[in-house]
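Peer 1: Join these two chains into a complex; the hints should help.
Here the protein sequences come in this chain order: A and B.
Using this note's numbering, the first residue of the first sequence is number 1, and each one after it goes up by one.
Using this note's numbering, the first residue of the second sequence is number 1001, and each one after it goes up by one.
Worth double-checking, as some hints may not be accurate.
[Claimed, not checked] Below, simulated DSSO-like cross-link-like pairs (lysine-lysine); rule was C-alpha separation at most 30 Å, straight line:
id	chain 1	residue 1	chain 2	residue 2
1	A	K17	B	K1294
2	A	K4	B	K1089
3	B	K1165	A	K99
4	B	K1343	A	K17
5	B	K1414	B	K1442
6	A	K38	B	K1244
7	B	K1073	A	K4
8	B	K1155	B	K1019
9	A	K160	B	K1244
10	A	K107	B	K1073
11	B	K1388	B	K1343
12	B	K1228	A	K160
13	B	K1339	A	K4
[To be verified] Facing chain B, from chain A, some residues (calculated, C-beta under 10 Å):
id	residue
14	I15
15	A16
16	V112
17	P171
18	Q179
Everything labelled a hint here was simulated from the structure, so no lab data went into it.
Being a predicted model, the structure only gives us computed values, none of them experimental.
The C-beta atom is built at its ideal place from N, Cα and C for all residues, glycine as well.
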Amino acid sequence: MTSKAYILDQIRTNIAKQNTTQVALPDLEIAHDDYHDKDKQFAQALQSVGGMAHWLDTQENIETFIQEHYQHHGTIATSMDLQIEHINPNDVQDPHELKNVDLAVVKGEFAVAENAAVWLQDHENINRSLYFIAQRLLIVVKKEHIVASMHEAYEQINFKENTFGTFISGPSKTADIEQALVIGAHGAMECMVLFI
Amino acid sequence: MSDHPKLAEKFASNTNRMKWHDKALWFVRQKRDIQAQSLPEWEALRDKADAIKTHTLANLDHYLSAFETNARKRDIEVHWARDAQEHNKIVLDILRRNGATKLVKSKSMLTEECHLNPFLEENGIDVVDTDLGERIVQLRHEPPSHIVLPAIHLKKEDVGTTFEKFLHTQKGNSDPTYLTHEARKHLREKFLGADAALTGVNFAISETGGIVVCTNEGNADLGASLPKLHIASMGIEKIIPRLKDLSVFTRLLARSATGQPITTYTSHYHSPQHEGEMHIIIVDNGRSQILGNKKYVKSLQCIRCGACLNTCPIYRRSGGYSYGYTIPGPIGSTLGASKAIQKNASLPFACSLCASCSNICPVKVDLHEQLYLHRQDVVDAGLLDKTKHRALKMATWVMKHPMIMDSGGKIARKLVPILPRNLLYSKFNVWGKNRELPPFPKQSFKELYKERKK
Ligand code: SF4
Chain A
1 MTSKAYILDQ
11 IRTNIAKQNT
21 TQVALPDLEI
31 AHDDYHDKDK
41 QFAQALQSVG
51 GMAHWLDTQE
61 NIETFIQEHY
71 QHHGTIATSM
81 DLQIEHINPN
91 DVQDPHELKN
101 VDLAVVKGEF
111 AVAENAAVWL
121 QDHENINRSL
131 YFIAQRLLIV
141 VKKEHIVASM
151 HEAYEQINFK
161 ENTFGTFISG
171 PSKTADIEQA
181 LVIGAHGAME
191 CMVLFI
Chain B
1001 MSDHPKLAEK
1011 FASNTNRMKW
1021 HDKALWFVRQ
1031 KRDIQAQSLP
1041 EWEALRDKAD
1051 AIKTHTLANL
1061 DHYLSAFETN
1071 ARKRDIEVHW
1081 ARDAQEHNKI
1091 VLDILRRNGA
1101 TKLVKSKSML
1111 TEECHLNPFL
1121 EENGIDVVDT
1131 DLGERIVQLR
1141 HEPPSHIVLP
1151 AIHLKKEDVG
1161 TTFEKFLHTQ
1171 KGNSDPTYLT
1181 HEARKHLREK
1191 FLGADAALTG
1201 VNFAISETGG
1211 IVVCTNEGNA
1221 DLGASLPKLH
1231 IASMGIEKII
1241 PRLKDLSVFT
1251 RLLARSATGQ
1261 PITTYTSHYH
1271 SPQHEGEMHI
1281 IIVDNGRSQI
1291 LGNKKYVKSL
1301 QCIRCGACLN
1311 TCPIYRRSGG
1321 YSYGYTIPGP
1331 IGSTLGASKA
1341 IQKNASLPFA
1351 CSLCASCSNI
1361 CPVKVDLHEQ
1371 LYLHRQDVVD
1381 AGLLDKTKHR
1391 ALKMATWVMK
1401 HPMIMDSGGK
1411 IARKLVPILP
1421 RNLLYSKFNV
1431 WGKNRELPPF
1441 PKQSFKELYK
1451 ERKK
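One chain only, chain B, in its complex shape (with noise of 0.2 Å):
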């Protein structure tokens, strides 16, 4: 069971990486706005997202079978998946069929849902990451804390020091350029071994029967451009419908994730390579129960951009790790819920409803809304936490009888400014802890209404 407000604790005890960590994705947040203030037809791009999935989805059976029957046309072989393990099965049987023991991977948040690694590990696959960041977390033996910056939460000495143990980089050289190119020597060797590549689907088009995969270090398209066979995997929400839908989502995507006008690559693979294979896996794993729940079938338009992770105040000083959720941040957070409330009760409170995630996201999913509705579900099924549950209890009674309110409001007006500081942030006050408390007004909001109506 995952416990955020603990894991969370746990990573802002160190104070100077928590404030790091908040200004790097601060800083990613602020390119981001930068890009969407440079088009005046932000608002109108969002609106034709938002339709555009919305229409999808309420027609997704017929999305998806148009896709395959087009995509089989072009000498794709597509299959099914209901859960992660008939996917990873699938991935492992087309591997053996083909002898393939060496398999190169670009990013995919889905095979990581899957736990697709160590299960073809365990069957004798040699699998490696080859996104930068995702190499990196994979030497390290970590998950990934971020969906579009796997390696966020970790330092340029981290990777320094990681790099020389596994790929005998100079000590102490932790000079990003140098250990990227270094990364670069080393994964141009496994591209040039592997026998499959697989990749993640950021769009697939049901007109063409063809998917789009988009990174900005090339890395997928190396992978699936030189060993004969490439995997593709897709949850069911990745379909678009026409292929012209893509000129709304290649526009947002790459600004609401990095800051930039696009990604470096924006490949469109619609058969396999020359004397090629390719395989694409469609995978359900709990999104179609998503679909059947008007509260949260929103979620199911995300198209992954990490806007919302890069723009929430909890994620930027908790870290992704606090969630113990595939993905964390305020996207992870709903679709943890709506996965599985009983393991997830507490990620629905990782959040101020501050409302920021849902006035960023390109897509227009109602994010704080979701995580407001998700906190009914968890008090409903009893799964609130003891402490949390009686001082919610104890604000609903002082807030219902007004008297005991007003006269509790005037004794905290005089009583804290006199208070010594060791009482007041006392570790009782779970709050106090790296914040301060504002300035008591004089009178309550109240008074001075009734003064200022005379």
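Looking at chain A on its own, in the form it has when it is part of the complex (with noise of 0.2 Å):
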């Protein structure tokens, strides 16, 4: 017998024996709060792990905040349409070559108010290291794609053509020593999200 088949027919024999009622799936419909300002919400859980969310003015662009926000900066790597210097994560072979980026300007597809956490599903970026080597991240959020909780976060995806994506809130971090937060682990030591 494989494996596989002996697992399976030792799990049916067991739960046979216990001869349990069924319990139905049970639906989700779960009373939370709508927060009446998501974004004040969304800011203040943020910058409590870490982070920092900004919202554009009509006469800011996404270049001219990068330029004024990260005066000093190494490699920025992006795959969005951007008018500055950069490379373009997608034509590097090996993921590996991207040890070097400073900042990574990623596209989140919505934030959730709840949690602070932004979600990250691009079917067009090939690597995903991308999300988790950058020494910084800037994560870009149009400003109507705000949800509430992760009930309605979860509404909105599904995994038909994708294969990776990634709930992110705030910048790494661990308390391993001592109960001390320190920011900074292995991903990225800073993480802004911008919405526009």
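Peer 2: Okay, structure coming up:
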């Protein structure tokens, strides 16, 4: 017998032995906060996990924001159409070549007010490592793409054509040494969410 | 055989460190409380999580089979392992087939349970744990002492000296920020030089055939996106039916674990990376047996948040190593006893039945009730420690004879307050270590009750 057949057989036998009554899979209608000001909630939540949020006003554009906010920067990587000097992460064959990226400018699908997480799922981005290897992360999200909670978030997610997706909430961190919170474990040392 | 009281005594003998450990974990517990209380729907979330898990476990064969079918459609290779040996062999075979010798690992209690690291090392694989806490204990040749906070038993000075020795950090510098950033540099080299990555699995989604891994550090993510080979190990109980079920679990997990609204990274892997390979190993290793036991089946609902450890007064004061089992604390005590009662007979007694663990558990595992039932199994199997057995027998006898119980109480109330301290707190009074007796009342409850009824 293959291990698969053996394990499934064990599972069936044991479930039968226990002779349980079935519990139906529940609906997920859960009353939750709608946050009358989702932007404010998002900004506060993001700040509490060490990140920053900024809303562009009409005179600003992404390029000017980057110039102002990241005056000293090394290599910028982005697959967005930006008028600044950058490399296209999809041009590198080997994800290791992204190791010197200082700032990754990436597209966020939508933001979640409840916990300051942003959903990143870009099937045009070949190298997933971009999200984790860059020293700093600038996530660009459309202003109207903000939802209240994870319940609404998962309604928008599917994996029909996508192969990878991740929620990112703030910069990488750890508290493994005496519970002292330190920003900058393995991933980005800084995380900015820019609403356009 | 694990002997909790002996090992706990060793840990608690350093009173300062014991108190410090207690406080550190209570701090995490309090952070969890703030998060839980900030959501009015907290109890509704727990109920949904409980229902999803109960349903899934009763239909586990179906959801696992569907998961495999869906994962294969996504070019993910799925393997099945009956036990630890088979799991380890599968990992080694995959590595060998790819000529991989350098492996970066992210946190996985399952691979601890399988003793994967020593097995791979014996077979010439260089294994690096990349979670900071796990890396610290790996360098010290220690197992993790907590399932979420592997190095919670260590002070920053301990980490400092460990890093001085292995990473050549500045002498005497034990600043957490400095040490973390030195570890960052050291581990980046390891990530960039690795041939393969191994991660655990927080959730496997039957409907989509993908897996979710949650970290704060981003180590699983960086590992799984640099080398072309990704292996993920999961226990059979990690499966959930639908993608949207994650909305419940992602809201509960980090809040319960560390008191954050969500982990920094919640990554959903639904295929190998570009030109890469992805393998998932589904491991039984004794789990299906627990599935057949009505009393203990709920322990398979556990999502490994560690909240029950942080809240447990015994764990906080006796440390993770006192359990002598891969998973310490309330959840480990029940899992260990289910797996091998002979070996872990002392674990169900490492508990005061205060029920705090059951109250805090985000998926409603009935932990303290399970531990209570395990105790009965221990007695039935004739495995109870002799001293304890004698004491309990004596207590039963006394309680069965009300006259003796009443007069005994009367004598104690008169006698104890006037006994000299060195007699009261002698070495025979194990309970009296680090504790004071409460003041003795003048009357017994029974006497008071009778009086008030008049
Ligand atoms: S019931 Fe027992 S295991 Fe649970 S928290 Fe209390 S002492 Fe710890």
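Peer 1: The structure should be examined with respect to each hint, and the outcome stated for every one.
Peer 2: Taking the hints in turn, this is what the structure says about them:
For the suggested pair A/K17 and B/K1294, the alpha carbons sit about 9 Å apart, so the restraint of at most 30 Å is met. Distance restraint check for A/K4 and B/K1089: the Cα-Cα separation of roughly 15 Å lies within the 30 Å cut-off, and the hinted pair is therefore satisfied. Restraint check for B/K1165 and A/K99: the C-alpha separation of about 27 Å stays at or below 30 Å, so the hint holds. Between B/K1343 and A/K17 the CA atoms are separated by roughly 25 Å; this keeps the pair inside 30 Å, and the hint holds.
A hinted pair counts as satisfied when its Cα atoms are at most 30 Å apart, and B/K1414 with B/K1442 qualifies at roughly 8 Å. Distance restraint check for A/K38 and B/K1244: the Cα-Cα separation of roughly 22 Å lies within the 30 Å cut-off, and the hinted pair is therefore satisfied. Proximity of B/K1073 to A/K4 is assessed by CA-CA distance (about 18 Å); at most 30 Å being required, the pair is judged to hold. For the suggested pair B/K1155 and B/K1019, the alpha carbons sit about 13 Å apart, so the restraint of at most 30 Å is met.
The hinted pair formed by A/K160 and B/K1244 meets the criterion: a straight-line CA distance of about 14 Å does not exceed 30 Å. For the suggested pair A/K107 and B/K1073, the alpha carbons sit about 27 Å apart, so the restraint of at most 30 Å is met. Restraint check for B/K1388 and B/K1343: satisfied, since their Cα atoms lie roughly 17 Å apart, inside the 30 Å limit. For the given pair, B/K1228 sits about 23 Å from A/K160 by alpha-carbon distance, which is consistent with the 30 Å threshold.
Between B/K1339 and A/K4 the alpha-carbon distance is near 21 Å, which keeps this suggested pair within the 30 Å criterion. Taking 10 Å as the C-beta contact cut-off toward chain B, the hint placing A/I15 at the interface holds, the least distance being around 6 Å. Interface hint at A/A16: satisfied, since its Cβ lies 8 Å from the closest Cβ of chain B, which is below the 10 Å cut-off. The beta carbon of A/V112 comes within 8 Å of a beta carbon in chain B, closer than 10 Å, and the hint placing it at the interface holds.
Look at A/P171: its Cβ gets to within about 7 Å of chain B, closer than 10 Å, so that hint holds up. With 10 Å as the threshold, the beta carbon of A/Q179 comes within range of chain B, its nearest partner Cβ sitting at about 6 Å, so the hint holds.
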